[in-house]
Amino acid sequence: MKKAVWLMVFLGLIGFSLALAQPRTVKVGFVSTLSGGGAALGIDVRDGFNLALRHLNNQLGGLPVEVIVADDQQNPDVARQAVDRMLKRDRVDFLTGIIFSNILLAVGDAIFEEKVFYISPNAGPSEYAGEQCNPYFVNVAWQNDNLHEAMGQYVQTRRFENVFLLAPNYPAGRDALTGFKRYFKGRVVAEVYHRLNQLDFSAEIAQIRAARPKAVYAFEPGAMGVNFIKQYAEAGLLREIPLFLPGFSADADVIRAVGRGMVGIYNSSQWTLELNNPINQRFVEDFRKTYNRIPTLYASQGYDTALLLDAAIKAVGGDLSKKDELRKAMLAGFNSTRGPVRFSPNGYPIQNYYLRQVIQQPGGEIVNRQVGTIFTNHRDAYVDRCKLR
Amino acid sequence: MPPSLFIEQVLNGFQFGLMLFLLAAGLTLVLGIMDTINLAHGSLYMIGAYLTATLVGVTGSFWLAVLGAVLGTALIGMLLELSVLRQLYRRDHLSQVLATFALILIINEVVRMIWGSQPLLLSAPEALSGPVEILPGLYYPAFRLVIIGVGLLVALLLFWLVNRTRVGMWLRAGASNREMAQAMGVPIKPLFTLLFGVGAGLCAIAGAFLGPILAVQIGMGESILILAFVVIVIGGIGSIKGALVGALLVGLVDTAGRAFLPLLLSRVASPEVASNLGPALASILIYLLMAVVLFFRPQGLFPART
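Quick note, the sequences are listed as chains A and B, same order.
Count the first sequence with UniProt numbering and you get residues 1 to 389, in order.
Count the second sequence with UniProt numbering and you get residues 1 to 306, in order.
Among the hints, a few may not be true.
[Claimed, not checked] Listed next, the stretches of chain A that the computed footprint assigns to chain B, with coverage defined by at least 3 CB atoms under 8 Å from CB atoms of chain B:
#	stretch
1	116 to 122
2	202 to 214
3	359 to 370
[Claimed, not checked] A short, non-exhaustive set of chain B residues, derived as facing chain A with CB atoms under 8 Å:
#	residue
4	PRO2
5	SER4
6	GLY130
7	ILE134
8	PRO141
9	GLY219
No wet-lab data here; the hints were simulated from the structure.
All C-beta atoms, glycine included, are put in the ideal place defined by N, C-alpha and C.
Please model the complete structure; the sequences and the hints are all you need to start from.
Here it is, written out as structure tokens:
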């Protein structure tokens, strides 16, 4: 008996010394869409996030990082399983990575209940911006409506009489068209929602042709964007009815697949290739060098997610148990690829939104060029309904 | 509603329906004649699309690539029949479903290993990437017209094969009464292998022509397989004519649902309700069609066995 007690003490001492020798690591769970039609988005966010970790010497706020990656296959059930595993078994300190709003809404409550911070690199549903805002939610990128509000404002200044609206039938699709209509004051010819991940747009394109609108605005992320724009061009409509897009449907991932047809298209973004600050310049240059492709807004969001975590963990001196201080540190803002960004109490950023145009450079490369600023220090429309301070 | 919109939507329905027919034709023959449920049929469609995308890169010609993909997929189909499906004919449907479902998972992973998990890019030939004026003022994408043409051509060929040739006679005999056909000396074993190869080739045609419109990606076979099953249930299992009529019905109803249902709803309900209800209703419309057909004709529209 006595021996056993001594053995326990001995083992306890070993364990204690091991704990002393090993610095605390920060565990980040990264659940994202890495296969299927939305894969380009998840892969860009992941690559941007990894590039930032490399720039930070695999540390966040001075703590060594362990990243656990899972593919949600753009399926809420698969995402739920991955999130549960990371919360219960891996005991992650932060979760991030989700691309699609319907997936975030399916797992959000489970994450918040465990008092784990979810740092959204992309999905920004209106649900989490208003009454249901949560202290454990921070979105690095934007609220879903924002980029569409910017395009609504731009189409409004171009004085188009009327516009045809198209989006997939899921939370971000509804947020998108709500945002557009908030700033576009002309007539909406039709507001068409289609199945998420639909790839054949012949029925919708025939409707557009018959409705003869002055302009078309379509929110089509990922493979949907590639297919819609290709088919819009194949139907001969690109020359007849101007097409306006949010940055999601007109960034490097879509341009690579669609090609020359994209040249001339206007779109909105919170980030651009040529934003003139040292963080962005290093990000763009090293991303191109490392991955051999042009970064998208998604990649910048992944990069910024790591920068935000780094800044916040540094601010609390690496003590991850100080949840209130962590949240305050995150909301206070950080230096991002977009320059300094701060946040509203609901966890959504206050920032500028830019107008971009797809152009072909003299060398033949097709890229997005920043051609104007639509909003400065713009905040989301739901923040007043959030009780958090 | 302007007539040009109606014509365009009918063409869209036909185009989708004819491609569905290519998938359903193979499926209905396998199910009708071999009495075997082959869930991996959609995987052959995926293989056809991937082979086409790869061969376009190698040969530089879309048409050569289609030819190569059809032959290649037919070969893979026949190998699959010889190695796996042949063992399943005598088993019950549950074993067949389990085994062919396993095939789906295996083929998906093999494709992921070979081609990676990102979708491949497959574009229509440059000459067909624009619109054509088919009626004054009515433009339609050239590639979709080609799809309709190819679909009709293959349908005609199949009808000739089934109704006018000896092999076709054996097929019809097998579909209406397998034991009797076997007793009369129909060479069932090579016939089944051949049939499977033809079915796989048809899948590859559908994959090659839908690839540029949809996307060449893992799992593309599963979503369309469900529709193909709906088609053969509506058309009657084992009947080529049923598959054609069923496929065109499903294609037209699906397109009409997406195009016209929200319009109709917006006349009777508020825009909010219409935009919520429209897409939801449109996506269940073909299943509704199937339910209605099954209610009045449980054997399908053109049953092979009477």
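Report task. Determine which of the earlier numbered hints do not hold for this structure and return their numbers in increasing order. Result -> Result: hints 1, 3 and 7 break, sorted rising.
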